[in-house]
Amino acid sequence: MTFNRRRFIQAAGAGMSASALGFPAVVRAQSGPMRLGLMTVKTGPLASGGIDMERALVQYLKERNSTMAGRKVELFVGDSGGVPAQSRTKLQELVERDKIQIMIGPLDTASALASDDYIRQQQLLTLSVAAAEDMTQRKPNPWFTRGTSTSSQCAMPLADYCAKTLKYKRMITIADDIAYGHEMCAGFQRVFEDAGGKIVQKLFSPLTVPDYGTYIAQLKSNVDGIFLGFAGSNGFRFFRQFNEYGLRGKIAVVGGMTAFDEAVLRNMGDEALGIVTSCWYSAEIENAINKRFAANFRVDWGYDPGFYAAATYVEAAVLDATLEKLKGKIEDKEAFMKTVRAIKVDTARGPVQFDKYGNVVGSIYIRKVERKDGRLVNRVIHTYPNVSQFWTYKPEEFLKDPVYSRDWPPAKNLEL
Amino acid sequence: MQYWIIQTLNSLALGGLLFLLAAGFSLIFGLMRIANLTHGSLYMLGAYVGVTVLKFVPNLWLAALIGGAVIAVFGGLIERFILRALAGNALGQVLVTLGISFIVADFCLIVWGGDPIPVQTPLALRLPLRVGGVAFPTYRLVVLGIAVVTAIALYLLMERTRIGAMIRAGVDDMQMARAVGIPVSKLFTTVFCLGAGLAGAGGIIGGPIMSAYPGLDADMLPLALIVVMLGGVGSLLGAFVGSFLIGAIYTFGTALLPDLAYVILFLPMIVVIAFRPRGLFGRQTV
Numbered sequence: 001m002t003f004n005r006r007r008f009i010q011a012a013g014a015g016m017s018a019s020a021l022g023f024p025a026v027v028r029a030q031s032g033p034m035r036l037g038l039m040t041v042k043t044g045p046l047a048s049g050g051i052d053m054e055r056a057l058v059q060y061l062k063e064r065n066s067t068m069a070g071r072k073v074e075l076f077v078g079d080s081g082g083v084p085a086q087s088r089t090k091l092q093e094l095v096e097r098d099k100i101q102i103m104i105g106p107l108d109t110a111s112a113l114a115s116d117d118y119i120r121q122q123q124l125l126t127l128s129v130a131a132a133e134d135m136t137q138r139k140p141n142p143w144f145t146r147g148t149s150t151s152s153q154c155a156m157p158l159a160d161y162c163a164k165t166l167k168y169k170r171m172i173t174i175a176d177d178i179a180y181g182h183e184m185c186a187g188f189q190r191v192f193e194d195a196g197g198k199i200v201q202k203l204f205s206p207l208t209v210p211d212y213g214t215y216i217a218q219l220k221s222n223v224d225g226i227f228l229g230f231a232g233s234n235g236f237r238f239f240r241q242f243n244e245y246g247l248r249g250k251i252a253v254v255g256g257m258t259a260f261d262e263a264v265l266r267n268m269g270d271e272a273l274g275i276v277t278s279c280w281y282s283a284e285i286e287n288a289i290n291k292r293f294a295a296n297f298r299v300d301w302g303y304d305p306g307f308y309a310a311a312t313y314v315e316a317a318v319l320d321a322t323l324e325k326l327k328g329k330i331e332d333k334e335a336f337m338k339t340v341r342a343i344k345v346d347t348a349r350g351p352v353q354f355d356k357y358g359n360v361v362g363s364i365y366i367r368k369v370e371r372k373d374g375r376l377v378n379r380v381i382h383t384y385p386n387v388s389q390f391w392t393y394k395p396e397e398f399l400k401d402p403v404y405s406r407d408w409p410p411a412k413n414l415e416l
Numbered sequence: 001m002q003y004w005i006i007q008t009l010n011s012l013a014l015g016g017l018l019f020l021l022a023a024g025f026s027l028i029f030g031l032m033r034i035a036n037l038t039h040g041s042l043y044m045l046g047a048y049v050g051v052t053v054l055k056f057v058p059n060l061w062l063a064a065l066i067g068g069a070v071i072a073v074f075g076g077l078i079e080r081f082i083l084r085a086l087a088g089n090a091l092g093q094v095l096v097t098l099g100i101s102f103i104v105a106d107f108c109l110i111v112w113g114g115d116p117i118p119v120q121t122p123l124a125l126r127l128p129l130r131v132g133g134v135a136f137p138t139y140r141l142v143v144l145g146i147a148v149v150t151a152i153a154l155y156l157l158m159e160r161t162r163i164g165a166m167i168r169a170g171v172d173d174m175q176m177a178r179a180v181g182i183p184v185s186k187l188f189t190t191v192f193c194l195g196a197g198l199a200g201a202g203g204i205i206g207g208p209i210m211s212a213y214p215g216l217d218a219d220m221l222p223l224a225l226i227v228v229m230l231g232g233v234g235s236l237l238g239a240f241v242g243s244f245l246i247g248a249i250y251t252f253g254t255a256l257l258p259d260l261a262y263v264i265l266f267l268p269m270i271v272v273i274a275f276r277p278r279g280l281f282g283r284q285t286v
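As given, the protein sequences belong to chains A and B, one line each in that order. Here the first sequence stands for residues 1 to 416, numbered as in our numbering. Here the second sequence stands for residues 1 to 286, numbered as in our numbering.
Simulated from the structure, these hints should not be mistaken for lab results. C-beta atoms are modelled at their ideal positions from N, C-alpha and C, and glycine is treated no differently. It cannot be assumed that every hint is accurate.
Said to hold, decoys possible - Think about it this way: if two alpha-carbon atoms lie no more than 20 Å apart in a straight line, the pair counts; the simulated SDA-like pairs of lysine to any residue are:
(1) K42(A) / I103(B)
(2) K250(A) / L127(B)
(3) K169(A) / P206(A)
Said to hold, decoys possible - Now the in silico label distances, taken between C-beta atoms and shown as ranges:
(4) K72(A) / I82(B): 46 to 52 Å
(5) L257(B) / D300(A): 47 to 53 Å
(6) R33(B) / G374(A): 41 to 47 Å
(7) K250(A) / L123(B): 18 to 24 Å
(8) L267(B) / E63(A): 19 to 25 Å
(9) E63(A) / L86(B): 36 to 42 Å
(10) V263(B) / T383(A): 40 to 46 Å
(11) L416(A) / A218(B): 45 to 51 Å
(12) D373(A) / K186(B): 55 to 61 Å
(13) L237(B) / L166(A): 50 to 56 Å
(14) L127(B) / T67(A): 56 to 62 Å
(15) L166(A) / G113(B): 31 to 37 Å
(16) T165(A) / G99(B): 51 to 57 Å
(17) I273(B) / K72(A): 45 to 51 Å
Required output: the full structure, derived from the provided sequences and hints.
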């Protein structure tokens, strides 16, 4: 018998499949390092936050010598560019080529929605940063857990603060014309009006508006305050133009969780002093974990960590605590999801736990911009503990209503 | 009443800023027959270079001149070494300019980071101008003034100088211009430098209003396109009228029908392309 080419290929093929099948796959997976994926944005307009996400996560791993629950952690980073389609492709790459076992991210709502069915299909454990309400409300994804906040989770306490503590009666809301902006303003409006206030003007500007002059000129002057629901650099640009029109001091400004983030503050001046915002984090939170995190971050990068840096640092702490309970066994996905949703852990943002929909229940901070050691900081002036995504509403009733949107709840007090 | 005065001033100021951006785009488009998709990037690069120059010379106008010159040189290099190599292949040239715009965007992200960087308004122009109860940002009026002065200077350049006559000849009929001995390829470089320089200087002058941030390029490029489509390719008058028209349409459109902001911006362009492909003042079909 001659050993011809066909035979050779057959033999080689048989040998390869035998070795692949014969290898004890379970043992290999458990003894190896845990493969952690980070889906972030390192190019394009959202890059600033995305790069902070990576820096903070790398710092978390470095502080623990890349080990969680006695198991080595290997980090794989995907860059979605903030483009939903690309995010989906990169996620597939992370899962199928890099074999990640759990993902932290993605950053933006659109990317999270684009990846939703793939996450379900692959049963990929996900610790998300994106704020889309319905992913933990009316269409909960069983593999999805969020340790940051839904769009409106921080806006609702702020509305309460505006109505009850600041005693505002009439307010304007303005935000980017995207789901995140709609959901945030809707939550703000609902709570503010339930507390007796009136939203008399509601504006949404396109995400890439070149000039806010048109919107600023429309603002009513007979109001107590304006709520800014912007993301990224838009809040910063709006506020600069707002000052340019001489409105500072005439209309009080309050902002959502991304409007006056630490990342934006470091490029602002005295004009930002005194602005009140709400967020689930501030670099100024007084707890031991955060003090160490913020100090180390400042040493490494020269600026305060903000929303995005804290997001991955908190998610990593959640992951760490869950693995500790599971003794490092991330392979059992059902057990992981059960454990993570029942966990209580102290993180840089304070104590964190989850509701049955996979969304965080934690403190929301009301913050005021002040100057400290020469730089601008968000000093915490009030804390709302244990805030859930449903605020004080009953979850069952909350979920019967449509999801927060541009037109729901309807604004009844608009004045022309 | 006050509201309408402010919105009118707004539309004029935006129009002025758009003219600084679109004039160069229009000339390049008219002469070289290519839509220069790096134009938004040149604007953004100008803003960033201006930010850096301002750290050393705290004078916005000087920074605009220096930044404009730097971007003009950069534009000249692109034309001379990249577009020239693809002469005659218009589609290839357009694709190359798109590629360069991505490279510039990432370069800016690496050098200046992802955070928005404010450009300080000159101290003397920082307070809003108040006339009879109407407050309007002084700086925006100055931008409008600069745009008008630039328009007059460009008009004189195009109508009263030899080089202007050559550019006009090239825009109208390239082959005939070559035949009568006009050095068209030198003209390309000149016009590209001029257009890039205007965009770069515009980036800094617009800085106190817009700031410098990643994505500024993509925000500005469509506006330049709309203005030029509407006004007509290669026509200075078209760019001027188009800028103020778009400024007005945009301002009043978003003020009166805020839900249709994008529709209002792009609808006029579609209508013009459908019914008058040369634009309002252009001589060639787009």
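(request) Provide an ascending list of the numbers of those earlier hints which the structure does not satisfy. (result) Result: hints 3, 6, 8, 9, 11 and 17 break, sorted rising.
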